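Fit the two chains together into the complex; they arrive one by one in their own frames, and the hints show the way.
Protein sequences, first through last, are from chains A and B. Taking the numbering used here as reference, the numbering of the first sequence is continuous, increasing by one, and the terminal residue is 267. Taking the numbering used here as reference, the numbering of the second sequence is continuous, increasing by one, and the terminal residue is 250.
Source of the hints: derived by calculation from the structure; they are not laboratory data. Keep in mind the model is a prediction, meaning the values are calculated, not measured. From the three backbone atoms N, C-alpha and C, an ideal C-beta is built for every residue, glycine too. Any given hint might turn out to be false.
Said to hold, decoys possible - Okay, the calculated bits of chain B under chain A, using three or more residues with CB under 8 Å as the criterion: (1) 70 to 80; (2) 210 to 224.
To be verified - Listed next, with one range per pair, are the computed distances between beta-carbon atoms: (3) B:T17 with A:I17: 31 to 41 Å; (4) B:F109 with A:I138: 38 to 48 Å; (5) A:S215 with B:A174: 21 to 31 Å; (6) B:P38 with A:I138: 35 to 45 Å; (7) A:Y9 with B:K115: 42 to 52 Å; (8) B:K66 with A:Q173: 20 to 30 Å; (9) A:Q13 with B:Y14: 54 to 64 Å; (10) A:S262 with B:R112: 44 to 54 Å; (11) B:K66 with A:Q13: 55 to 65 Å; (12) B:S142 with A:Q13: 47 to 57 Å; (13) B:S57 with A:N131: 37 to 47 Å; (14) B:P38 with A:F123: 41 to 51 Å.
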Amino acid sequence: MDIFGFLQYGFIQKAFIGGSFVALTCAILGVFLVLKNMSLIGDGLSHVSFGAIALGLFMGVAPFYIAIPFVAFASILILKISEKTKIYGDASIGIVSAVGISMGVILASLSGGFNVDLMSFLFGNILAISNSELIFSIVISGLVLISVYFLYFDMFSATFDEDFAKTTGIKTQLINYVLTVLTALTVVLSVKVVGVMLVSALLILPAVSALQIASKFKNAIILSGIISVFSVIFGITFSFFADLPTGAVIVMVNALIFAIFSIYKRI
Amino acid sequence: MNNVLEVKNLSVKYGNTVALEKVSFEIEKGDFIGLVGPNGAGKSTLIKAILGLTEISTGRISLFSKDISKFKEFSKIGYLPQKSTKLNSLFPVSVFEVISLGILSKKKFPKRLKKEDDEKVHKILEDLKISKLSKKCFFELSGGEQQKVLLGRAIVSDPEILIFDEPSTALDPASREEFFTLVKKLNDEQKTTVILITHDTGYVGKYANKLIYIDRKLEYFGKIGDFCKGEDFDSCFEKSDHHIIWHQHN
Numbered sequence: 001m002d003i004f005g006f007l008q009y010g011f012i013q014k015a016f017i018g019g020s021f022v023a024l025t026c027a028i029l030g031v032f033l034v035l036k037n038m039s040l041i042g043d044g045l046s047h048v049s050f051g052a053i054a055l056g057l058f059m060g061v062a063p064f065y066i067a068i069p070f071v072a073f074a075s076i077l078i079l080k081i082s083e084k085t086k087i088y089g090d091a092s093i094g095i096v097s098a099v100g101i102s103m104g105v106i107l108a109s110l111s112g113g114f115n116v117d118l119m120s121f122l123f124g125n126i127l128a129i130s131n132s133e134l135i136f137s138i139v140i141s142g143l144v145l146i147s148v149y150f151l152y153f154d155m156f157s158a159t160f161d162e163d164f165a166k167t168t169g170i171k172t173q174l175i176n177y178v179l180t181v182l183t184a185l186t187v188v189l190s191v192k193v194v195g196v197m198l199v200s201a202l203l204i205l206p207a208v209s210a211l212q213i214a215s216k217f218k219n220a221i222i223l224s225g226i227i228s229v230f231s232v233i234f235g236i237t238f239s240f241f242a243d244l245p246t247g248a249v250i251v252m253v254n255a256l257i258f259a260i261f262s263i264y265k266r267i
Numbered sequence: 001m002n003n004v005l006e007v008k009n010l011s012v013k014y015g016n017t018v019a020l021e022k023v024s025f026e027i028e029k030g031d032f033i034g035l036v037g038p039n040g041a042g043k044s045t046l047i048k049a050i051l052g053l054t055e056i057s058t059g060r061i062s063l064f065s066k067d068i069s070k071f072k073e074f075s076k077i078g079y080l081p082q083k084s085t086k087l088n089s090l091f092p093v094s095v096f097e098v099i100s101l102g103i104l105s106k107k108k109f110p111k112r113l114k115k116e117d118d119e120k121v122h123k124i125l126e127d128l129k130i131s132k133l134s135k136k137c138f139f140e141l142s143g144g145e146q147q148k149v150l151l152g153r154a155i156v157s158d159p160e161i162l163i164f165d166e167p168s169t170a171l172d173p174a175s176r177e178e179f180f181t182l183v184k185k186l187n188d189e190q191k192t193t194v195i196l197i198t199h200d201t202g203y204v205g206k207y208a209n210k211l212i213y214i215d216r217k218l219e220y221f222g223k224i225g226d227f228c229k230g231e232d233f234d235s236c237f238e239k240s241d242h243h244i245i246w247h248q249h250n
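Looking at chain B on its own, in the form it has when it is part of the complex (with noise of 0.2 Å):
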């Protein structure tokens, strides 16, 4: 089995509050996992104990198949977190300067950035099609813009692994259809294995290969097409969610 990452009775707990409760599920290279629940599910929860961002309070969680507090390799690790409002808008930093930060996970110390890692953050923003925005200071870009950068710095590393919490808030339909497009493409061409927590069940009907559905506990993990023929779809989604997984997957 080519498992990235493996979660086996995950539980976390915030207090006496419950967030996840013994959570399983496996995830093999090259997979596009939809992470799909209501609010207040614990989807972020789970990405952030994946990531070593929460404790976890019973249960293991292995990437590439070393336990999460013995995982070292953090340039395999791409994340996008959501829309953060926790960064500071008077940081003067350019655009150039946000990419490189990716890169770090690559490096030991003392932490230097080399000539070659110069020219990859130059590929990624030829790439990304914003090499005009390299000098430009990041919060004075569009929330598109942003969003763009931050997916630049995700991937800089040649992670093989992408995690994005809800990337999609703050994009426009054109650039929320571009974004997608790129990380589709990451996905089929590198094989890079992607999980996206989205309330846009339309992008995860048309891309993702399997769904997460978790609602403290989880709720269903497979394939999308099964989940659809299956009982918890009527369950889990709203009759209009339906037509859009059922016909974007399809």
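Next up, chain A with everything else stripped away, as it sits in the complex (with noise of 0.2 Å):
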């Protein structure tokens, strides 16, 4: 089969369209996740989705339902845990996500009926993306897109330095919040994309590659965006005609193109 002949497919259309989007919300909230030390809240998060989507498979509801204000809230009080118990972040994720991922594990063992699809949310299926679930992220995804559009300068100032961005006027508690959510809705997303076991690497990847490089902010966001999506369209072209695991591939490629500039760097 030809080029041309692979992009007439419907569910390739759908893939590019719906996995770009989720790349592209994933690689610019990446630079802002990277750059504050939270890289790991999206691992922490995925694994919540595995345990949100568990339970909507185990109540026969359509798992992104429950996983959106499941994982939603649990975001939320990763950063509650960090702020009123005084722990360190890294911490609470850790203890937010052993809960998510043992409430899956549970589930699915109760159940013993949903194991198979339960997998597909493991390890992804971006070529299997519905229509709902390709509006779905669309939708989500603009929401991020518009919110960081507004918040750019108050998030990239409490990004950089979050005691100045205060005596600015900043509401940096908000920002953080905003934050944490956006990310949470962008995890539920990348399931489709990568599945739970790869989406910080989504989320981290992108970012981490523009950050070698770019000597600009702005810059860095727009590099990691352009990185993210190629890595999407390339690895699901790439998986296709090569007949390997399309998420796993979108990593591998990413990994790659973080290995070059990281060479390119040191040169």
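Listed below in structure tokens is the structure:
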């Protein structure tokens, strides 16, 4: 089959569109998360989404409808635990993440009937994205992108120097909540693209690749977005022709770009 | 009275530890305050309380006659923190971008930088003689250059009060002199109020007109000249510091 024939497939077109939106969203939020030393929150929330998806399948409800509010709540819980109990952020991520994945395993064990479906969420299946999931991805990605557009300078300042940002009237705590909840929504969307196991890669890798060579913050965000969308498009195409799992190939393309940029930086 | 800042019976506690106890003073427009005291005396806590960065236990702080909890005119304040280890050195941020963050205090939602804001940043770069660094990454600069950029970020909004927390620790003697000369110029020409935390007693003696000495409690607040003549001078400073402050002040 040639590339033009490949592009005629409806499921490929949907994968390209949905995947690109999710990739762009991940890439932009990823830059903020990496620079705030919150990279692991994506990993933690993806584990929670595993539990939430298992709950949805257990209840016979579309998993995303359960996962979205559940993971958003978990993201707020991570910040609250971190604030109220004065423990380190990564420890609160660990607590919430462990509870989420334990819940998923228990529900999977109790039902015994949806393990196959659950596997598709563990490793992603962008080629099987439905029309409603595609619309959902575009709407949520749009919401994230609009939020980042309007709050760009507040998020930038709060990420660079939180204390100084407060003295300029920026509500840094609110910004942290917005960033975390947007990340939660993005994580749920990303589960379809690369799966629970690899979501954090989609958040972290394009960002750290861009940070290797960008000298301005705005350039880092733009470059991260380009890398991420390219990885998804190339990953889907390559995996299709090589008959390999799409999510894993997308992550490997990202990892390869990171390696190239790291070497380039050192030359 | 033309008070820029009023602190009344301010106490700050961290758990059971008392960081500040019943501190009161008033600062007038154009004052250049040297805020001194031993390590752990609560100097940075006092600054953080004034800036709303730490919760106060009891007492009241008013900035420009407004209670700190209701204060919204953030562009009136310029803050230069202690050389911060909190900043992420992997952050790809240009000098221009860092200084432009200081303008955000003048902006309302949704915050956008306009052409005149860019011109203002360029003006500050020129005033600080660092125009050629504009596009450079902030973390590629020397400690002295970084401090100049952070000073630019603090003054770009034309603040009426400048608050410095040990600004000169990363600077070599020449950069230090240049830094304080510039701050003094702002103080003299624009009547910008300055609060300076420093262990560098020479600069306090040279530039400050008033002194706050705290050691959890307020030990002294008043004119430097009076302090040097009073009994507190002996109990608060070593002999070498006496010499430096007195010599620089006169």
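Do the hints match the structure? See the list:
1. 70 to 80: holds (count 5)
2. 210 to 224: violated (count 0)
3. B:T17 with A:I17: 31 to 41 Å: violated, 57 Å
4. B:F109 with A:I138: 38 to 48 Å: violated, 25 Å
5. A:S215 with B:A174: 21 to 31 Å: holds, 28 Å
6. B:P38 with A:I138: 35 to 45 Å: violated, 60 Å
7. A:Y9 with B:K115: 42 to 52 Å: Distance hint for Y9 (chain A), K115 (chain B) holds at roughly 48 Å.
8. B:K66 with A:Q173: 20 to 30 Å: holds, 21 Å
9. A:Q13 with B:Y14: 54 to 64 Å: holds, 58 Å
10. A:S262 with B:R112: 44 to 54 Å: About 34 Å separates the Cβ atoms of S262 (chain A) and R112 (chain B), which means 44 to 54 Å is violated.
11. B:K66 with A:Q13: 55 to 65 Å: At 58 Å between Cβs, range holds.
12. B:S142 with A:Q13: 47 to 57 Å: The hint (47 to 57 Å, Cβ to Cβ) holds, given that S142 (chain B) and Q13 (chain A) are roughly 53 Å apart.
13. B:S57 with A:N131: 37 to 47 Å: violated, 58 Å
14. B:P38 with A:F123: 41 to 51 Å: violated, 60 Å
Of the numbered hints listed earlier, those contradicted by the structure are 2, 3, 4, 6, 10, 13 and 14.
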